[in-house]
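2 protein chains.
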Amino acid sequence: MDQRIELRHLRYFLALAEELHFGHAAQRLHIAQPALSQQIRQLEKIVGVELFRRTSRSVHLTEAGAAFGPRARNLLDRLAADLDEAGRVGRGEAGRLDVAFITSATAIVSEILREFSRRRPDVQVKLHDGFTTDVLAALKRGTADVGIVRDAEERDDIGLSLLTSERFVAVVPSEHPAAGGGLVEARALAEDPLILFPRSAGTHAFDMNTQPLRNAGIDVQVAQECSNWHTIMMFVAAGLGVSIAPYSVTTLLPAGARRVELDGPPTVSRIFMATRRGDDRPLLQAFMAASEPMTGRDNCDRTTTAR
Amino acid sequence: MDQRIELRHLRYFLALAEELHFGHAAQRLHIAQPALSQQIRQLEKIVGVELFRRTSRSVHLTEAGAAFGPRARNLLDRLAADLDEAGRVGRGEAGRLDVAFITSATAIVSEILREFSRRRPDVQVKLHDGFTTDVLAALKRGTADVGIVRDAEERDDIGLSLLTSERFVAVVPSEHPAAGGGLVEARALAEDPLILFPRSAGTHAFDMNTQPLRNAGIDVQVAQECSNWHTIMMFVAAGLGVSIAPYSVTTLLPAGARRVELDGPPTVSRIFMATRRGDDRPLLQAFMAASEPMTGRDNCDRTTTAR
DNA sequence: CTGATCCATAACTCAAGCTTATTGATTGAG
DNA sequence: CTCAATCAATAAGCTTGAGTTATGGATCAG
Chain U
1 MDQRIELRHL RYFLALAEEL HFGHAAQRLH IAQPALSQQI RQLEKIVGVE
51 LFRRTSRSVH LTEAGAAFGP RARNLLDRLA ADLDEAGRVG RGEAGRLDVA
101 FITSATAIVS EILREFSRRR PDVQVKLHDG FTTDVLAALK RGTADVGIVR
151 DAEERDDIGL SLLTSERFVA VVPSEHPAAG GGLVEARALA EDPLILFPRS
201 AGTHAFDMNT QPLRNAGIDV QVAQECSNWH TIMMFVAAGL GVSIAPYSVT
251 TLLPAGARRV ELDGPPTVSR IFMATRRGDD RPLLQAFMAA SEPMTGRDNC
301 DRTTTAR
Chain Y
1 MDQRIELRHL RYFLALAEEL HFGHAAQRLH IAQPALSQQI RQLEKIVGVE
51 LFRRTSRSVH LTEAGAAFGP RARNLLDRLA ADLDEAGRVG RGEAGRLDVA
101 FITSATAIVS EILREFSRRR PDVQVKLHDG FTTDVLAALK RGTADVGIVR
151 DAEERDDIGL SLLTSERFVA VVPSEHPAAG GGLVEARALA EDPLILFPRS
201 AGTHAFDMNT QPLRNAGIDV QVAQECSNWH TIMMFVAAGL GVSIAPYSVT
251 TLLPAGARRV ELDGPPTVSR IFMATRRGDD RPLLQAFMAA SEPMTGRDNC
301 DRTTTAR
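Top to bottom, those sequences are chains U and Y.
Each residue of the first sequence is one higher than the one before, starting from 1 at the first, in our numbering.
Each residue of the second sequence is one higher than the one before, starting from 1 at the first, in our numbering.
Among these hints, one or two may not hold up.
Identical copies look the same in the list; a pair holds intra-copy or inter-copy alike.
Straight-line alpha carbon distances no greater than 20 Å define the calculated DMTMM-like cross-link-like pairs of lysine to aspartate or glutamate that follow [said to hold, decoys possible]:
#1 LYS45 - GLU85
#2 LYS45 - GLU6
#3 LYS45 - GLU153
#4 LYS126 - GLU175
The set of hints was computed from the structure by calculation and includes no laboratory data.
Computed from a predicted structure; not experimentally measured.
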C-alpha cells in the first residue's frame with residue numbers, strides 16, 4: 001500500500017484513542033466528524049489492520065490499536081524533541097564544539113570552559129590538546145572549531161583574537177647561583193644547558209620564547225627538547241639545565257626548581273583564540289563571548305601573578 | 001508557529017540531505033524542483049533555523065541540519081517498524097498472550113507452548129498458574145486470554161474444548177499393603193487418610209477426582225488438604241496417607257510413594273482449553289491451532305503411559 | 001561575453017482533505 | 001411499542017495547499 005502515511009494520521013489516531021468518540025475527538029482536533037472517520041479509515045488501510053472496533057454505539061481499541069498507541073505517542077514526542085534540538089543547534093544553544101588548545105594554556109582554557117558550559121549547558125565540548133602547529137592544523141582541516149594558541153602569527157585563513165598576555169620568566173634548579181631571588185640577567189644563564197620545546201611545535205612561539213636570551217646576545221642552543229612544559233620543569237628540577245617559560249606554566253613547580261624574574265624590559269607571550277575566517281556560527285560566537293571576561297587581562301607586570 | 005509539520009517534510013529533507021541537489025532530490029521524489037524548495041523552506045520555518053545553506057551554486061547542510069538528519073532518518077525507520085508491528089499484532093503474529101493454567105497440567109501446557117512459540121516467535125506468552133477456579137476467574141476478568149483447566153463445566157460465558165483425558169490412579173506409601181503391584185480396589189483404601197486438594201479449588205474437578213472412592217461406596221473425607229500435587233505426593237511418600245490423582249501428575253513420584261492402578265471401569269480426568277465466548281482474535285485461534293496436535297490424545301487405557 | 005547550471009519566485013492547477021447534509025443503526029425514555 | 005436522541009458512515013460539494021510550468025537571477029566555465 002502507499003507509503004503516504006502522514007503525521008496527521010498519528011495525531012488523529014491518538015485523539016480518537018484517548019476520546020474513544022469520533023465526535024469529541026473531531027471537536028478536539030477542530031475538524032468535523034466525517035473527516036476524522038475518513039482519516040482513521042485511511043490509516044487502517046495503510047497499516048492493514050483494524051485499529052478501532054466500532055459498534056454504532058461505541059468505539060474501542062483493538063489489540064493492534066492498543067499496541068500502536070504508545071508507539072505513536074512516543075514518535076510524536078520524539079519528533080517534537082528532535083525539532084527542538086535542531087532549533088537549539090541552529091541557534092548555537094546545543095551541539096558540539098571541538099576546541100583545540102596548547103597544553104600550556106590549560107589554565108585559561110579551563111576558565112573559559114567553566115563559563116561557557118555555564119552559559120551553554122547543552123553543548124558538548126570536545127577537547128584536543130597539542131602544539132600550536134597541531135592546533136592550527138586541526139582548525140584548518142575542520143577537526144576543531146576553535147583553537148587556543150600561543151604566539152601565533154596572523155594568517156589569511158585563520159583569524160586571531162588576543163585572550164591574555166604574560167611575561168616570560170626563567171626557571172632554574174634551586175642550587176643554581178641565580179636561584180637566590182631578585183632579578184637575574186639573561187646573560188647569567190648563557191652557560192647553562194637550555195631545556196625547551198622543539199622549534200617545530202611552533203616556530204613563532206619558539207622565537208618569542210627564546211627572545212630574552214637572544215636579546216642578551218646569547219646564541220640559542222636547545223640542549224634538551226621536550227614536548228610539554230611539565231616534563232621540562234621536572235628536568236630543570238633534576239638539575240639538567242634551565243628554561244625560559246611563560247609565567248603561567250611556572251605557577252606549580254616541582255621541588256628543586258625555582259622561578260626567577262628576568263631583568264630588563266619584559267618580553268611577553270600572548271595567548272590567542274584562533275578561528276577560521278568566515279566561520280560565524282552562533283556556537284562560535286557564544287564561545288568567544290564566554291571568553292570575553294578573561295580577555296585583555298595583562299599579566300606582564302612583574303608584581304602581578306597569573307592565575 | 002504552526003505545528004503542521006508532516007512526514008512529507010522529513011522525507012523531502014532526507015532526500016535533499018543525501019543528494020545535496022534540489023533538482024536531483026526532486027527527481028528522486030517524483031516531484032518538481034520548486035515544490036521541493038517550497039517544502040524545505042516550510043520545514044525550516046517550522047524548525048526555526050536554516051537546515052541547508054544554499055549558494056546559487058551548491059547546497060550543504062548546516063550544523064542544525066546535520067544534527068537533524070540522523071534523527072529524522074531514525075524517526076521514519078521507527079515509524080515503519082511500528083506500523084509493521086501493529087500489523088503483525090493485528091494479524092496475531094505478534095503481541096502478548098496471557099495463559100492461565102492449573103499446575104497439574106504443566107506437562108501439556110509446556111508441550112503446547114513449545115509448538116506455539118515455534119509458530120509465533122514474536123508473541124510474548126505470559127504464564128499464570130493456579131487452581132481451576134483461579135484460572136476461570138482470570139479468564140472472566142480478562143487477566144488471561146486462554147485457560148487450561150481440569151474437569152471444568154461448560155458455562156455460558158466460557159467455552160471449553162477438550163485437550164486430553166487421562167485415568168485416575170491411586171498413590172500410596174510404598175509400605176502400604178496395596179503397593180505390591182497389580183490392580184487395587186478402591187475399597188482397599190477406605191481406612192487410609194486421604195490427602196487431596198481443597199474442594200474450593202475446583203468443585204467439579206474435586207468431585208471427578210474422588211469419584212473412584214464414591215463409586216466404591218466410601219464416604220469421602222479429606223484428612224489433609226494440600227494446594228499442589230507435588231506436595232501431596234511428598235505427604236504420601238512420608239506415609240501420611242493415600243491419594244487419588246490424574247495419571248500425569250504421578251509420572252515423577254518421590255521415593256516412598258507408589259502409583260497403583262485402580263480396578264474397575266476407569267474414571268477419567270479431562271483437561272480443557274477454556275476461552276471467553278466470542279473472543280475470536282487471531283492470536284487465540286493461533287494458540288488453539290498450535291494445541292491441535294496434542295488434542296484428543298487419550299491416556300485412559302491402563303497400558304498407555306501419559307507423558 | 002555567452003551558455004550552462006542551479007535555486008528562488010510567481011502564477012496557476014488540481015488532488016485530497018474538509019465541510020455540510022443525510023442515512024442507518026442502536027439505545028433509552030415514555 | 002413508539003419516539004427521540006446518539007453516533008458513526010456515506011454522499012456530494014467546497015477549499016486549501018501541494019504540486020506544476022514558466023521565468024528570473026546568480027555563479028561559473030570557456
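Hints and how they fare:
no., hint, verdict
1, LYS45 - GLU85, "between (33 Å within a copy, 15 Å between copies)"
2, LYS45 - GLU6, "both (13 Å within a copy, 19 Å between copies)"
3, LYS45 - GLU153, "neither (67 Å within a copy, 42 Å between copies)"
4, LYS126 - GLU175, "neither (42 Å within a copy, 80 Å between copies)"
Comparing the model with each numbered hint stated earlier shows that hints 3, 4 do not hold.
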